[in-house]
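Protein chains: 2
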Amino acid sequence: MDVFSGYMNKLIEELSALPGIGNKTAQRLAFHIMYMPKERAEGLAKSITDAREHVCYCAECCTLTDQELCPICANERRDHKTIMVVENSRDLAAYEKTGKYEGVYHVLHGAISPMLGIGPADIRLKELMKRLEGDVDEVIIATNSSLEGETTAMYISKLVKPTGIKVTRIASGVPVGGDLEYIDEITLLRALEGRTEL
Amino acid sequence: MDVFSGYMNKLIEELSALPGIGNKTAQRLAFHIMYMPKERAEGLAKSITDAREHVCYCAECCTLTDQELCPICANERRDHKTIMVVENSRDLAAYEKTGKYEGVYHVLHGAISPMLGIGPADIRLKELMKRLEGDVDEVIIATNSSLEGETTAMYISKLVKPTGIKVTRIASGVPVGGDLEYIDEITLLRALEGRTEL
Chain A
393 MDVFSGYMNK LIEELSALPG IGNKTAQRLA FHIMYMPKER AEGLAKSITD AREHVCYCAE
453 CCTLTDQELC PICANERRDH KTIMVVENSR DLAAYEKTGK YEGVYHVLHG AISPMLGIGP
513 ADIRLKELMK RLEGDVDEVI IATNSSLEGE TTAMYISKLV KPTGIKVTRI ASGVPVGGDL
573 EYIDEITLLR ALEGRTEL
Chain B
393 MDVFSGYMNK LIEELSALPG IGNKTAQRLA FHIMYMPKER AEGLAKSITD AREHVCYCAE
453 CCTLTDQELC PICANERRDH KTIMVVENSR DLAAYEKTGK YEGVYHVLHG AISPMLGIGP
513 ADIRLKELMK RLEGDVDEVI IATNSSLEGE TTAMYISKLV KPTGIKVTRI ASGVPVGGDL
573 EYIDEITLLR ALEGRTEL
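Chains as they are written, first to last, in the working numbering: chain A, 393 to 590; chain B, 393 to 590.
Which copy is meant is left open, so a pair is good if it fits within one copy or across any two.
Keeping only pairs whose Cα atoms sit at most 30 angstroms apart, straight-line, the calculated BS3-like set for lysine-lysine is:
id, residue 1, residue 2
1, Lys402, Lys430
2, Lys416, Lys489
3, Lys430, Lys416
4, Lys522, Lys430
5, Lys402, Lys416
None of these hints come from the bench; they were simulated from the model.
Taking the hints into account, I'd like the entire structure generated from these sequences.
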């Protein structure tokens, strides 16, 4: 029995197609939207179409931006000879939040995953190799430390090494503030292997 | 430092204003929307404006609908002499899902809450009293069993009693399948008070 209006059902259906939003949450959100002032609801809808319309990939690092070059690539004070390779723009944002990294980025928009049928040609690797033809000192691989991230890191390092450019990988280990007893064995072993002298 | 495009930030901001959506979730949703096919993103935006534009209150029971009368009030086979009063359209949907209730509803769109400054005039009580001038046998109060829901139930019962119409309240007690040891004392006492002979 259809208790809501067709428009409500459509909205609930669209919302529940978003990741992490189940049917109950979609219902709650839909009702919240119905009780919003009309301009607010229209603002939300407009922000979706606007973002989808104006946002494109940075010509240099492939992150999502609304200009030809993203603010980081356009910044001359950044060290354009150091490129950190990340899986997506959220990872870029996470490193950017530290405020300490002065190089530029390269966003792959994915990671190699034979399980999901994602091969090297499906991520922005060609664009990375093209950038390495310029003047680059170091490629820092900051893909996730998941199976896919590690596979991608291995693949990139094999690709970059013949060019003579330095390739590094961010360290795996115990997170700061992490309690040893709650950390998985693989991380503990990584932390042991990667130990540094004091 | 602004790492995302202005349009992305706007979208993240709009999404994180929704209930239960924090900044991290809003970011994840925004990126998901960016990676969607363009028509899908536009469909989502359209469903929001459409719902907001076409959905209104049922002239009879005040639930959200896109017609003059909601499908339940328009249904002649429903028992229009029994009115179940609920706080919102989601509660109506919950009872409707049982498939056993044959009466109609009245949606208050809120509950009396002195703490939040919501008085009897702020919910759809006037509309309920107007309906009671017609041919009604019973008013079933199905507001939540929270402080606000109980206050509202008391208020409505006092209002309806002088009209001579039967007023009932849905039972409080142990939920079916509920394990006694995990149920709060107030519910346990309610269940005891409301015990029925076998």
